[in-house]
Amino acid sequence: MADKKKVLIAEDSSVIQTLTKKILLIQNYDIDSAKNGKQVMDKVAKKDYDVILMDINMPQMDGMQCAKAIRDQGNQVPIVAITGNARNYTMEDFKSVGINDFLPKPLDFDALVETVKKYTLGNK
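In full-length UniProt numbering, the protein residues as written are 1 to 124.
Hint data in this document are derived by calculation from the structure and do not stem from the laboratory. Small disclaimer: the values here were computed from a predicted structure and weren't measured. Positions of the beta carbon are idealized from the N, C-alpha and C atoms, including for glycine. Hints are supplied without guarantee of correctness; some may be wrong.
Here are the computed distance ranges between Cβ atoms for each label pair [to be verified]: (1) Asp30 / Glu114: 14 to 20 Å; (2) Lys118 / Leu25: 14 to 20 Å; (3) Asp42 / Ala111: 27 to 33 Å; (4) Asp30 / Asn85: 27 to 33 Å; (5) Lys4 / Glu114: 27 to 33 Å.
Model the full structure from these sequences, guided by the hints.
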């Protein structure tokens, strides 16, 4: 099999970050994590990811600002928004900043795995 696919989990909740990490490690992904938008930008500058799971409500730079900044740099990595406020956004809002997809909180871990596979297996 090819190299492990790299996933960046951008989430300020330690509980969600830890659970997401454990679920994806079982699926054999290489996982990095960030707790705020500044950390996301630092990590994206240093490493290429196959997909970013992006919490919308993060400190220092929220997920919408972060996604836009990543796109402004010309980076086309798939970004999946994770939000407890999905009803406050439309898919058009997400697409306008370059977010490809979204998962509502509380996270459905089957949907999480399915969505990460969708973007890391090239079925975009």
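Going down the list of hints, with the structure as the test:
{"no.": "1", "hint": "Asp30 / Glu114: 14 to 20 Å", "verdict": "holds (19 Å)"}
{"no.": "2", "hint": "Lys118 / Leu25: 14 to 20 Å", "verdict": "holds (19 Å)"}
{"no.": "3", "hint": "Asp42 / Ala111: 27 to 33 Å", "verdict": "holds (29 Å)"}
{"no.": "4", "hint": "Asp30 / Asn85: 27 to 33 Å", "verdict": "holds (29 Å)"}
{"no.": "5", "hint": "Lys4 / Glu114: 27 to 33 Å", "verdict": "violated (18 Å)"}
Checked against the numbered hints above, the structure violates only hint 5.
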